[in-house]
Amino acid sequence: MLDVRELTKSYDGVPAVADLTFTVAEHEFVCIVGSSGCGKTTMLRCLSGLVAPTSGEVTLDGTPIDGPPPDMAYVFQDYSRSLLPWMTVAGNVAFPLPYKGLSKADAAAATAEALDAVGLGDRGDAYPWQLSGGMQQRVAIARALAYQPRILLMDEPFASVDAQTRADLEDLLLDIWRRYRITILFVTHDIDEAVYLSQRVLVLHRPAHVHEVVEIDLPADRDQLTTKRLPEFGELRTRVLSSLRAPDPAGVTP
Amino acid sequence: MIRARLADAALALALPVLLLAAYDGWARTAGNFFFPPLSEIGATFAAEWLFTRVPTDLLPSVGRMLAGYALAVAIGVALGTLLGLSRTLSRALDPVLQFLRALPPPALIPVSLLVFGAGDGAKVFLIVLGAVWPVLLNTVDGVRGVDATALDMARSYRVPAHARLTRLILPAALPRILAGARTALAIAIILMVVSELVGADNGVGYTVQLAQRGFDIPEMWAGTVLLGLLGFGCNAIFVAVERRVLHWHLAVTGRATHARRP
Chain F
75 MLDVRELTKS YDGVPAVADL TFTVAEHEFV CIVGSSGCGK TTMLRCLSGL VAPTSGEVTL
135 DGTPIDGPPP DMAYVFQDYS RSLLPWMTVA GNVAFPLPYK GLSKADAAAA TAEALDAVGL
195 GDRGDAYPWQ LSGGMQQRVA IARALAYQPR ILLMDEPFAS VDAQTRADLE DLLLDIWRRY
255 RITILFVTHD IDEAVYLSQR VLVLHRPAHV HEVVEIDLPA DRDQLTTKRL PEFGELRTRV
315 LSSLRAPDPA GVTP
Chain W
-13 MIRARLADAA LALALPVLLL AAYDGWARTA GNFFFPPLSE IGATFAAEWL FTRVPTDLLP
47 SVGRMLAGYA LAVAIGVALG TLLGLSRTLS RALDPVLQFL RALPPPALIP VSLLVFGAGD
107 GAKVFLIVLG AVWPVLLNTV DGVRGVDATA LDMARSYRVP AHARLTRLIL PAALPRILAG
167 ARTALAIAII LMVVSELVGA DNGVGYTVQL AQRGFDIPEM WAGTVLLGLL GFGCNAIFVA
227 VERRVLHWHL AVTGRATHAR RP
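As given, the protein sequences belong to chains F and W, one line each in that order.
Sequential numbering from 75 applies to the first sequence in this note's numbering.
Sequential numbering from -13 applies to the second sequence in this note's numbering.
Only chain F is shown next, with the shape it has when bound in the complex:
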């Protein structure tokens, strides 16, 4: 579905993304892990069409991405900056919909459904700053859902909420992923989170390129307690961790 081929993005000749190649299949949940500053955000900005790559190509269903595509939604890490404080929760969720061609009634219905899906059906009239951090990020997720994308890009969306909220949001996201049959590409620096959520983990090294792909063959039904207690879970997270820390072969590092 999403095809990334030899993607390179340099700033002033310094590559942030170098020769990045991977694909994401329809309905797949893929996590990308990499240390801070390894070019993950730059990569996402290229994939989402916000910036043009220096070289290489990204295609969505065979169509090259040269601007934000209509079937894609992007959830930013910093919900306090991506939500507009002068709009209500419902206003924020509905914000992009008129430009997608939805009528007022359709937009209202999509907004209500998306807010219900994230458990905020009764908070549409509140303002984002009246909600907790975890709830604000749920609003951002609802906005993405109401947009009815086929693929969701998420940039460390749960990095700035507390651990309990984070676990709840992870389960909410898995539930949404199953219910709406969307494709998710999820960037995180949290190895547990990556293993818990995904079917496949791509380990990036700096400048962003795929160092290793780890298949996550855990049972499809995940649970914060039982899944994380499985011996396989521990093995997978060790594999991802060692892959993250593995030295690059000589000649590849810049």
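Each hint should be verified, as a subset may be incorrect.
What the hints assert, rightly or not - Ranges between beta-carbon positions, derived for each pair:
1. F/Asp249 - W/Asp127: 20 to 28 Å
2. F/Asp93 - W/Ser72: 31 to 39 Å
3. W/Pro92 - F/Gly87: 49 to 57 Å
4. W/Leu151 - F/Arg319: 40 to 48 Å
5. W/Gly131 - F/Glu80: 33 to 41 Å
6. W/Ala53 - F/Asp264: 16 to 24 Å
7. F/Asp77 - W/Leu86: 53 to 61 Å
8. W/Ala(-7) - F/Pro144: 54 to 62 Å
9. F/Trp203 - W/Ala32: 46 to 54 Å
10. F/Asp196 - W/Gly28: 54 to 62 Å
11. W/Ala(-2) - F/Trp203: 55 to 63 Å
Said to hold, decoys possible - A short list of chain W residues far from chain F (calculated; beta carbon distances all over 12 Å):
12. Ala(-2)
13. Ser25
14. Ala32
15. Leu36
16. Val101
17. Leu137
None of these hints come from the bench; they were simulated from the model.
Given the structure is predicted, the values throughout are model-derived calculations rather than measurements.
Just so it is clear, CB atoms sit at the ideal spot from N, CA and C, and this is done for glycine as well.
Keeping the supplied structure of chain F fixed, place chain W upon it in accordance with the hints.
The following block gives chain W in isolation, referenced to the frame of chain F:
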């Protein structure tokens, strides 16, 4: 709650009342021709400004002030938005704008009288020229300061440019724009008076100056009091509007005036 509000109002009124009483007491005993007692100023105020001179002097003054202010805000926001969005334009226009900004508006009275004649045009021009700067500069800053993440969000959802401007950039810049507009309002009132000191045949400023030249001291004071009340009233209206429009900003920045008392 109501009791607390009344206490607040009483506290706010205490000093003005005290000052007025002190002035009145002093003026009655001093018998200074230039400082008549309050009763005299009050009587003149009532006779002149309630409401004989309202259509002949107050309304023309306020009309010119509002026209100049509205133009200044419109030009300031429009030009400021363009400059805020385009670095190239901003660089190209900067020297000219800096020069114009450095001109003290009263220094342009002779020129504007020549260009626009002694009518309303010259006075409105003067008000615009003085009041446009705070709006313009604050709008530029406000537009430049719009959060990059919010802009990325709008772009990633394919929100078209015109909607990004009206629904994201301008609302985000609104706190700054209104801060500039508030400063501009004070300047507009000052320049309203200044513009009436030369080449005018009506207006509050004109009346005050005429009274002073004719040694009609109570009338001079009555006009001065009116100007004070006008400035105070305009600012109060502005603050009330701002509080409504920017309720979200006040809440986000923790300056909510309706915050609960401890």
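Verification of the hints:
no., hint, result
1, F/Asp249 - W/Asp127: 20 to 28 Å, "44 Å, violated"
2, F/Asp93 - W/Ser72: 31 to 39 Å, "36 Å, holds"
3, W/Pro92 - F/Gly87: 49 to 57 Å, "55 Å, holds"
4, W/Leu151 - F/Arg319: 40 to 48 Å, "47 Å, holds"
5, W/Gly131 - F/Glu80: 33 to 41 Å, "37 Å, holds"
6, W/Ala53 - F/Asp264: 16 to 24 Å, "60 Å, violated"
7, F/Asp77 - W/Leu86: 53 to 61 Å, "55 Å, holds"
8, W/Ala(-7) - F/Pro144: 54 to 62 Å, "59 Å, holds"
9, F/Trp203 - W/Ala32: 46 to 54 Å, "49 Å, holds"
10, F/Asp196 - W/Gly28: 54 to 62 Å, "57 Å, holds"
11, W/Ala(-2) - F/Trp203: 55 to 63 Å, "30 Å, violated"
12, Ala(-2), "30 Å, holds"
13, Ser25, "50 Å, holds"
14, Ala32, "45 Å, holds"
15, Leu36, "42 Å, holds"
16, Val101, "41 Å, holds"
17, Leu137, "10 Å, violated"
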